[in-house]
Amino acid sequence: MGASSKRKKDKQKDFQKPKLKVGKTKAKPDNYTDTSFKSKAIVLTQQSLHLAAPTANAVFTHNLSLLNAKSDSQRRESLAYLTTTISSRPVNSPLPQPVSVILPSLLPLILDGSTSVRTQLLKLLRTLPPGDVEDHVAQLLPYVRAGMTHLAADIRSSAVEILSWMVEAAGESTVSCAGGWIKTLNCFLSVLGWHTEESSQWSSSRASFGKSGSQGKPMVKTLGTLAKFLDAGIGNPSISGVDSEMSGDDESPDWPFPLCQTAQHMISDSSTPFAYLNLFGKPRDEEGEMYETREDRYRVFSTRFQSAIERGIKSAREEGGELGRASSGVTKVLKEAIAYGPGP
Amino acid sequence: MVKRKLGALEKVEADLPNLQHKIRRDPKSYIEDFRAQHYQYESHREIFMAAPTSATDTGLISLRDLIDFISHVADCYPGICKDFPQQLIDMLMQHHLVLETELREKLVGSLALLKKKDLIDSAKLLHTLFPILISTPSKTLRALLFQKILSELRTANAKTTNHKLNRTMQTVLFNLVTSDRTSAKGLWAIKITRELWKRQIWTEAKAVEIMKEAALSQNEKVIIGGVRFFLGGDKEREELEDEDSEEEVSVGQVKHQLTINKKTRKKARVAEKAIKAVRNKERKKGNPNPLNFSALHLLHDPQGFADNMFFKHLQNSKSKLNLEQKLQVLQLVSRLVGLHKLHIMPLYSYFQKYLTPRQPSVTSFLASLAQASHDLVPPDVLEPLIQKIANEFVSEASAGEVATAGLNAIREICARQPLAIDETLLQDLVMYKKSKDKGVMMASKGLLSLYRDVGAQMLKKRDRGKEASMSLRAGERPERRYGQQEAGEIEGLELLAKWKDEERRKKNIENGLPSDAEDNEEENDEADWAAWNVEEDEDSDVDGEWINVEEDVDIVLSDSEDEGKPASKKAKQDEETKKDTEKEAEKPIDFMKLATTRILTPADLAKLTELRAQAAAEATLPGNKGRVAAPWTSRHTDDPLTAGEIEGLAALSAARATREERIAHAKEGKTEHMSKEARRKERKVEQGKSSTNKEKARKKNFLMTLGKARSKNKRSLVETRAVLRAHVDRGKRGGRRGNVGQ
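For the record, the sequence lines run as chains A and B.
Here UniProt numbering is used: position 65 in the first sequence is 65, and no number is missing along the way.
Here UniProt numbering is used: position 512 in the second sequence is 512, and no number is missing along the way.
Quick caveat, the hints were computed from the structure, so don't treat them as lab data.
Do not take every clue at face value.
Label-pair distances were calculated between CB atoms; the ranges are [to be verified]:
1) F280/A x R142/B: 30 to 36 Å
2) S328/A x S151/B: 39 to 45 Å
3) K670/B x Q12/A: 40 to 46 Å
4) G79/B x T84/A: 45 to 51 Å
5) A709/B x F15/A: 30 to 36 Å
6) R142/B x T45/A: 32 to 38 Å
7) E77/A x S151/B: 49 to 55 Å
8) G304/B x F280/A: 50 to 56 Å
9) D10/A x A709/B: 48 to 54 Å
10) K696/B x K6/A: 22 to 28 Å
This structure is a prediction, so every number in the text was calculated from the model and none was measured.
Here a beta-carbon is modelled for each residue, glycine too, at the ideal position from N, C-alpha and C.
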């Protein structure tokens, strides 16, 4: 039959050995893929090869730039390097780079996905001199707030830790910077789930989404931080001593007799003395406003947050255990603040 | 402490879509979570606003995701999200130049979504998107915005026309065009208007006004955009309408497929959609056809507009338009002049310089000139032009195409203004009917037959033809004067009058009255009022476009014109009535009486259209005595005259076409002859079907059939009987498988 003989021939062809000839290139196989390509230019990435070892400062800058590397471990190691460099520098010597340079690359790491990076970040932040941090609180706070309301519970708890460090390092500026009081308190309420009456009840607090942050340790930590934050904001100044330097003795001992109230006329200590005027920023709403005095903060607190927080504390106390104990700290701060009232 | 078991969902670190899904189902329970995400969004926004240019993706969740999430569930928490739309608008308006593309697109999309959820109104959305559309340098963003704006306008007008929104939008576009006439930004106004015009969303004079202003602007692109709209916008609209109606989904096929294929939810949805579409279409069929005027008719001041266009873009020596663009402007101006019968006297002298065979695209100029002439143009303005065309184009020495174009142009001009040519020139030109060149011959004959209709007395006696000379002698065709107007009439009214007359006579015969007797008008009237509305079945008849063609028209192609044969077959009585009719027909029916004394009912009008269609169909039949209507009488006044028509049959000129071209031309319009089998096969292939069982049996290899044939011979009687019975049985069941269940 015609068809079958043709098929036979075809089949045989598959098994024939290709003939190799001297002086000619080997025939390409059927499934050969041409991978050659043409390019107008070949660019070699620059390598920085030096004979001398890089200076400590250069290494520091390099590590700073590695902070937005793709891999978790790289970021963590860079943070660790920065931490050791800062902490091991001689006492009273300045930082290798000013805080204003370091901080912008640190900020996004507050929302980093990896837990180890965030813990390392907290360590680094703790090494920074508190005096320098004070001026950059306004930059830090939005990130911290974003962290506190993050969907991931881990990020929430570490953001709370960072906030607690901030209150320790620069309590006054934390509560008085733009948006620092109302917005942060709002975040606290949402982390704790105390916003509305029904959400503070146990049955609905279970409905919260994601890894529930209102259980166990994180809750305790948050309550502790809340206590610190409230203390910094509306605590009794005579007890906590936050405002002790500002509490208005007009005649500073530094200035001899004829000079009085001279301190008011001197150049201000803070870096942005006129920030409250908001000359260059966008107009602020009520939530984003700066509440610089304890009196203002207390007024806002009593109208907006007091009832919600009291209600929340009550339910936390009823829950007992570690949580109850933590809530007592907040209760104490709250009692003192209320006892002190709107101010002298 | 024992580790708490985590649910699968709780393990997920940051799953906004999941949260979104849960919120959709139960907004109240998840309000705390939403609030948290809203704070999250607020802080991210704050971070972003502090440095919009250098915003980087922060961690697991970006601002983009948050905006997406919140805009999807914003309708569940109107209290919390009341500022959200405004924030998005601000972000987009202030930073659209520096935003990264994905975030920018997300912002636009989210705003559209919020509009869909009714959290912002469409005016606000359009006021946000439109300024960005005309100011942004990014092409992709422009495309996106344009699409969003269009779809927004379409949805706003989907159910009922949103007059308020249309008016504001039209005002914005109008201002855009008129505020800065030199800028190319007016192009966006043109694009939007044209698109909406095409989709019949905007059909009013205001939209035309925008285009008018665009055509009068100083930027070439804008001018041409406006001019193109007037020249082609309405055609585009009609085409789209046709396309829509052609788009068909056969419900039967979809349903059938559903029974065979695997049943999935998607397929069920497709079927449902198809059924819905068909139902919609049926409902639409019942609706009255929307009466939309063409853009040229909706112009407020055509004379002023045409004047402006002419002096600004054509006459003006500073105009920057190139020849092609000028031609388009000229086309528009001449169409306006022809359509509205305007007077722009300098226009005709403007043509003078372009009427030479060497002028590029001269046929377009000729077509424009023909368009610009109408019966109110003074003949002495057109006469020099015709003289020039005749001198430059039409001579024995000039090429066939050139002469054809010239003759065609002269014919087209004269069809509109018959007085524009003088007798000697006409008689000269008519002589070209003897030309060897086919194109020239045809063009000349066209001119001849035109003048047989409109001015036979100008032709030589032997050229007039039988009909024309007879009617001339009878004095039926008075000479036309300049500016003379025909009395208005309803097309085909005489047909209706004739039909009515016949009906009346039939009724009289039935009643036993003499056919000429005048029945009492009142009764007749009552019957008419009773038949005020078109009955349904009659209506469907008209819709189906079935046209009754008279039976007794002789379709046999015979050159001899005797009509004896069909008549002889008829019954005698029939013949008598017919005679009566003919006699009656010779009396002039006073059809104007019908128009002036009666009110035409819808039923009358329906009959009128039917009769008109019938008459048109009969006119095209071969063997009909009446000549086929000349092309210039069948043309609608709205249709443009093209350069192709002026070129005419130049393609037929023997010397110019190659053999292949001539063959192709001859084949044009004719269907190739195919055998029945071939046609069937083609149909099969079209339907995507393979061969039939019969075909397979026929094609089967001979050797394979041998065995069965041999065994058939050896069958016993009993076996044969069984086989035959089985065959009959199969036939009853309907094949081997049977069709009982289906």
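The hints, checked one at a time:
1. Distance hint check: the CB atoms of F280/A and R142/B are about 33 Å apart, consistent with the given range 30 to 36 Å.
2. In this structure the hint that S328/A and S151/B lie 39 to 45 Å apart at CB is violated, the actual value being about 59 Å.
3. Separated by about 53 Å at the C-beta atoms, K670/B and Q12/A break the suggested range of 40 to 46 Å.
4. At about 50 Å, the beta-carbon gap between G79/B and T84/A stays in the expected band of 45 to 51 Å.
5. Restraint check, A709/B to F15/A: a C-beta distance of roughly 43 Å breaks the suggested window 30 to 36 Å.
6. The given range of 32 to 38 Å is respected by R142/B and T45/A, whose C-beta atoms sit roughly 36 Å from each other.
7. Hint check: E77/A to S151/B, Cβ distance near 51 Å, so the stated range 49 to 55 Å holds.
8. Remark: the range hint 50 to 56 Å for G304/B to F280/A is upheld by a beta-carbon distance near 54 Å.
9. Between D10/A and A709/B the beta carbon distance is about 34 Å. The supplied range of 48 to 54 Å is therefore violated.
10. K696/B and K6/A have their C-beta atoms about 24 Å apart, which keeps the hinted 22 to 28 Å range intact.
Hints 2, 3, 5 and 9, counting from the list given before, are not met by this structure.
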